[in-house]
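Colleague: These protein sequence lines are chains Z and C, in that order. Just so we're aligned: the first sequence equals residues 0 to 326 in numbering that gives the first Met the number 0. Just so we're aligned: the second sequence equals residues 0 to 471 in numbering that gives the first Met the number 0.
Everything labelled a hint here was simulated from the structure, so no lab data went into it. Bear in mind that the values here come from a model prediction, so they are computed numbers and not experimental data. Errors might be hidden in some of the hints.
Said to hold, decoys possible - Computed cross-link-like contacts, DSBU-like style, restricted to lysine-lysine with a CA-CA straight-line distance of at most 30 angstroms:
#1 C/K453 <-> C/K386
#2 Z/K290 <-> C/K19
#3 Z/K63 <-> C/K19
Said to hold, decoys possible - Ranges of calculated distance between the beta carbons of each label pair, as one might list FRET restraints:
#4 Z/V18 <-> C/K78: 40 to 46 angstroms
#5 C/T3 <-> Z/V18: 53 to 59 angstroms
#6 Z/V18 <-> C/T426: 41 to 47 angstroms
#7 C/V27 <-> Z/I112: 21 to 27 angstroms
#8 C/W45 <-> Z/I112: 21 to 27 angstroms
Stated by the list, open to error - Just some of the chain Z residues that point at chain C, by a computed CB distance under 7 angstroms:
#9 L151
#10 L303
#11 M318
Don't be surprised by glycine CBs; every beta carbon is placed ideally from N, CA and C.
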Amino acid sequence: MHMDKSQRAWGLASLMIFVASTVGYIIYALNATPRPSGGSVVGLIFGITGFAFMIFAALLGARKRVPVWRLGRAQAWMRGHLWLGLLSLPMILFHGGFRFGGTMTQVLMWLLIITVGSGLFGAILQNYLPRLMTTDVPLETIYDEIGNVRKLLREEADRDVESVCGALGLSQDREEAAQRAGGFTAMRPLAAAAGARGMVAPAIIAATSTAVAPAPEIILLTDDESAPLRRFYINEVRPFLERPSEHRLILGRPDKAKLAFAGVRTMLPATAHGTLADLEDICDEARQLRKQEQVHHWMHGWLLVHIPLSLALILLGAMHAVMALRY
Amino acid sequence: MARTRTTKKLAQRIDLNYFKRSTPLKRVRLGLVILLPALALAWIIWLVVAKDSRVYSSGRMAGAHAVLVNQCAACHVQKAGIFMQKAEDSACLNCHDGPIHHHVAIKRVACAECHNEHRGRINLLATSNENCAQCHADLKTNGGTSNYSNAILSFSDGHPEFAVVRTGGGRKPADPGTIKLNHQLHMKLIRRGPNGPMVQLECGNCHRPAAAPADLTYGDAKYVAASTTYKASDELLTVHTDALPPHNVSSGRELMAPVKFATACASCHLLTFDKHFDEGVPHDKPEVIHAFLIAKFTQYIAAHPGDVRVVRDPNRDLAERAPQPEVRILTPAQWIAERTADAEQLLWRKTCIQCHALSASGTPVVAAVAVAPSVLPVVAPANTTAKWMPHAKFDHQAHSGFTCVSCHSQALTSTQTTDVLMPGIATCQTCHAPGPDHAESRCYECHTYHDWAKRKEISPTFNLPALKTGAR
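All chains, please: the whole structure from these sequences, using the hints.
Modeller: In structure tokens form, the structure reads like this:
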């Protein structure tokens, strides 16, 4: 959620509630005998308000589970979650007079602080990381499909390399790959399928593509000619496509990758430059997917803390409310 | 040919059922969403099963109640059919008596209103000013009018000047004591006896707490050892009857004990009565002194029968007495009567009257000029004030780091018995004021709420070994 002008109304309303509550608390604290307490009338009002805010914030999860419910716009729920959830912290601090009390209340206070803190952290991340994603990951895909897309890229790269270097024993399940790795104007001929080197293989036009251009004939390179490409592919490209998060791989960094590809290019005949360019493009996409994964983990990792703790907070908070009324 | 992408081809590589598949992130999140609330729930259930309510405590208990940490039910009593278990006065009164405040007080407050438990290791007696101000900010009494200030919020807000030094309305503070003492004179360098050394008295030479051993620098062990027939009521002014007694037994070091002749005065103020004797008369009532003199002179003349021949001493001719012949032969009885009369003249007119207010037949001896030898004077009660501020408690021991004149500065300049040498409120407020840089200034520091004179004894409730286990 972006912190833009659309947040102004909620922000101002929350600020007003906060200021009014703070003024109220100061007056209350100055006159409290002997000091502010959660059990006093004012303390209870703060406590009930804070807990109500927490409940509302927690209901966002339920609202998301049932999106068809006509209970206000999702955006309004999100804003309410953000601002009222944030306000719940000062309300509860006012409730307890800035003291953490006994075991249960201490647990609750720390749960609240961590929950609100993680929520704030998440809100900040959600405000900046999507922009980062737009600029740094133009080839963004669905996060859940990254593994699958990465596999398709690897298979595409295998085919590309085998089309000029001959079979490397890497290609698998090409039919499916041809169906699902698509999006390319020219599917490189599956030279490996021919199983022979030095022969001219007709370009295979991807039957599923509507934007397929006739592929030129690809000439298999001799062993000597293809050796640099094979070596580079086996030692650098393939490992990178399999394990893109490994730090030691030079292709993980764009500047080094560019230099590496430029170096290999000088050792290859011009007929293989197209394939090399495709490999470079595939590596770039794989790098972006890795970046997307990292950004996604930052954007959603905090929820691993925020959601479970908030549920525990609501549960224990309800228990605290009942027992506090009892004792 | 470079790779190019079309939307369709990009879409084709997406498994349309991807959202049905679980991912590690989703799995971990789901696991935690189940695990943490489940742990919280398990904790609550365990607490219910174990009947452990300590976690619901709103804070650490005061040190005085630390033994009850496992005994929630000691104060939070369960009543049949009622969910609430608030701590009530009856629970407090099981262990503590809480006598009422003044009988004219309008409001009765619950124990917990002033003594707030679960606030950490605090002193539960340290109640807040606001508790007292509930009534004293606008004091009203139940069936009567109050003689006290009726708008006191705190020591620094509305507390009047101490009554003992308060002036105004034509009233001047005065010490009701009758023992004549010039503090200024005694605080200067003075000669001890006609030919004695120069001495500088210290406050502590005369003023000591009751429990402190007496300083006999200027006392006389013989007088200390002697018993007297006068009582404390002859010396001390009756304490204000409305005052609330303190909670704790006095250590004897809080207040200064009344100054005693035997320990503070006897060394300099000799009670000698006749040239034939070195010793002085007892520091006692005139009747006792009279009997003492008769006995002494009787013993003396029995041992010295020749002394009945009395040669006139011109230095001892008194104006009010008829001229005596140069030599007289007296009977022992006459001699005893005459010597006794002379001794009493000396004592009543010069020695005793130096400090005491004496009167004969209700007439002050000073105005009467003379006292008939056969008439014993009446010594006015000393009216020594043992407690100047009966409504407050004060501990000299706690202030022992300060010199006496830090607070009682008037002692250096006072010349009159009626001078009140007590410090005013401003002196106390030098240190006792609100804020962290000052000494405690809350009401409880000096005042008592409960009337401990009405204290009732409490029956034991707890079994010490069982406290550990939570049983009673």
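Colleague: Confirm or reject each hint.
Modeller: Each hint, compared with the structure:
1. C/K453 <-> C/K386: The hint holds at about 21 angstroms.
2. Z/K290 <-> C/K19: It holds: about 24 angstroms lies between the C-alpha atoms, which stays within 30 angstroms.
3. Z/K63 <-> C/K19: holds, 16 angstroms
4. Z/V18 <-> C/K78: 40 to 46 angstroms: Holds, at about 43 angstroms.
5. C/T3 <-> Z/V18: 53 to 59 angstroms: With Cβ atoms ~57 angstroms apart, the hint holds.
6. Z/V18 <-> C/T426: 41 to 47 angstroms: holds, 44 angstroms
7. C/V27 <-> Z/I112: 21 to 27 angstroms: This hint holds: roughly 23 angstroms between Cβ atoms.
8. C/W45 <-> Z/I112: 21 to 27 angstroms: holds, 24 angstroms
9. L151: holds, 5 angstroms
10. L303: Where the cut-off is 7 angstroms and the nearest Cβ of chain C is about 6 angstroms from Z/L303, the hint holds.
11. M318: holds, 5 angstroms
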